[in-house]
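Line order of the protein sequences matches chains P and X.
In this text, residue positions in the first sequence follow the numbering used here: the first is 1, and each later residue adds one.
In this text, residue positions in the second sequence follow the numbering used here: the first is 268, and each later residue adds one.
Hints in this document: simulated from the structure, not taken from any laboratory.
Since we're looking at a predicted model, the values are computed, not measured.
Please note that a few of the clues may not be correct.
[Said to hold, decoys possible] Pulled from the structure, derived: some chain P residues nowhere near chain X, Cβ distances all over 10 Å:
#, residue
1, W63
2, T156
3, L166
[What the hints assert, rightly or not] Reference listing, derived: stretches of chain P covered by chain X, where coverage requires no fewer than 3 residues with Cβ under 8 Å from a Cβ of chain X:
#, stretch
4, 127–140
5, 197–210
[Claimed, not checked] Counterexamples of contact, computed for chain P against chain X with all Cβ distances above 10 Å:
#, residue
6, A14
7, F58
8, M164
9, L168
10, P190
Glycine included, each C-beta is placed from N, C-alpha and C at the ideal position.
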Amino acid sequence: MSYHDLSTLDVTVAALLILVNGAISLALGLGLERRLLIAAVRTVVQLLLLGYVLKWIFGASHWLAIVGLMLAMSAIAGVSAVRRTERRYPGVWLNSMTAVMASAWVVLGVALTGVISPAVWSSSPAQYAIPLMGMILGNTLNGISLGLDRLTEELTSRRAEVEMRLCLGATRWEAAKPFVANAIRTGMVPIINSMMVVGLVSLPGMMTGQILAGAEPMAAVRYQIVIMFLIAAGTALGTTSAVLLGYRRLFNRRHQFLAGSIRKVRA
Amino acid sequence: MTTSEPHSLLHAERLRRVAEDGILLLDGVSLSLSASETVALIGPPGSGKTLLLRALAMLDALNGGDLRLGGDVITPEGVPHYRSQVIYVQQRSTLIEGTVRDNLALPFSFNSHAARSLDEDRIASRLKGLGRELAFLDRTSTDLSGGESQIVALLRAMQLNPAVLLLDEPTSSLDQQTSFQVESLLCQWMQEDGNRAMLIVTHDEAQAGRLADRIIRMDRAQIVDIAGGQP
């Protein structure tokens, strides 16, 4: 199998396909032209920047640079997870950041010790650690934002039920448990759904990339299976920690529900 | 501060709650409920009646004050137990999905009441007093009228045999006949045990007169007047 490097011209031709989106937007009056332009430019600029950063880090291969980049990625994931939520409470940023760290780094650690042995990656750690971290973070942040969104939404709309339970002698955990469980379930559903259809409906991007790069399909599939389980574990850990940390913030030790600390941020 | 009176069951001293914008929600409210006493709480809307019940149920974080049950202060860990003894029934009754029976069984899934279970015979006799059959237990909570929900919420609290019931307009969604039935059920509940007390918010002064040994009037976050019985 061979690997073909794309030329700038190849990439330009593909980028011109954005004109299809633009034409549809114009024809139907969708008003998306401006956003399409921004999205297209961001796609190119962000990925080119990433390319330069990765090139530099792969070249440097110093563990501090690799860890630094992964910390920055984690921080961005923690912030993005909260930015996607509609309701916030004091401490939600720290909760999200902690949840990202507690899940993605643990899962990556397991992957780079138990699954892919250090002997394999020690010569080029960045080549393994960074793509794996990126895959785990992208999905974990999705789970965290869905979980936090559902938790704060349900606790707000069903405040009377939470308080009814407390009034009847429930502990804060007994009062919140159904809502905490729903929130964690909501955060975990997308990854379960994609595990259900992977290979049937969707061809995962990483596997596609490996095959394009000349890997044996079976080898690519093995990596993809590993990735799916890493993502699932990361999402489960991240969502659960974020929702539980949120619960701790929203119920005090006197078993009071601090409904007033949840604020809506978007109309 | 004064120590609680010898027969005082629930004693609140200078409860104070200030909203984030600085508005006083409870302005140093003191209140004592004695055993076998029914107290009515009246006052214009927004005077703080519901907030006082919520404070007594320890639902909100207060800015000051002291609360005792049977002379004991309440530790943070002791709050669920306290709430199993001092039960606040919200004005807008909240029921969970499922049947009336599921709703009545809900509290027994909590640790505070785990030692007991739903006593259907007892419920049946209470329902009879309200002119309802046992089949009422199989009704779906979402199909109930506002008045029926109010009855379920009340029965759900009464069956737990708390020392104190805090009722927020318990007959507001009921027709007059059912209101009277609920009133006599409440009187009967008080008579069953001499160590119970009841604080009932009502807009109906006639109801306050029928039920209460003592009437407390609130206005602008304070208790302004106490009529009947000992102060």
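Hints, one by one, checked against the model:
The non-interface label for W63/P is consistent with chain X: the shortest C-beta to C-beta separation is roughly 45 Å, beyond 10 Å. With a closest Cβ-Cβ approach of about 14 Å to chain X, T156/P is found to remain outside the 10 Å limit, as its non-interface label requires. The beta carbon of L166/P is not kept farther than 10 Å from every beta carbon of chain X, the shortest such distance being approximately 6 Å. A stretch counts as covered by a chain when three or more of its residues have a beta carbon under 8 Å from one of that chain; for the stretch 127–140 of chain P and chain X the count is 0, and the coverage is violated.
Counting residues of the stretch 197–210 of chain P whose C-beta sits closer than 8 Å to any C-beta of chain X gives 0, which falls short of three, so the coverage hint is violated. With a least CB separation of 51 Å from chain X, A14/P remains clear of the 10 Å interface cut-off, as annotated. Remark: the non-interface label on F58/P is consistent with the geometry, its nearest Cβ contact in chain X lying 52 Å away (cut-off 10 Å). Distance check on M164/P: its Cβ comes as close as 4 Å (rounded) to a Cβ of chain X, failing to clear the 10 Å threshold; non-interface status is violated.
Residue-level check failed: L168/P sits 4 Å from the nearest beta carbon of chain X, not beyond 10 Å. Taking the minimum C-beta to C-beta distance to chain X, about 25 Å, the non-interface status of P190/P holds against the 10 Å cut.
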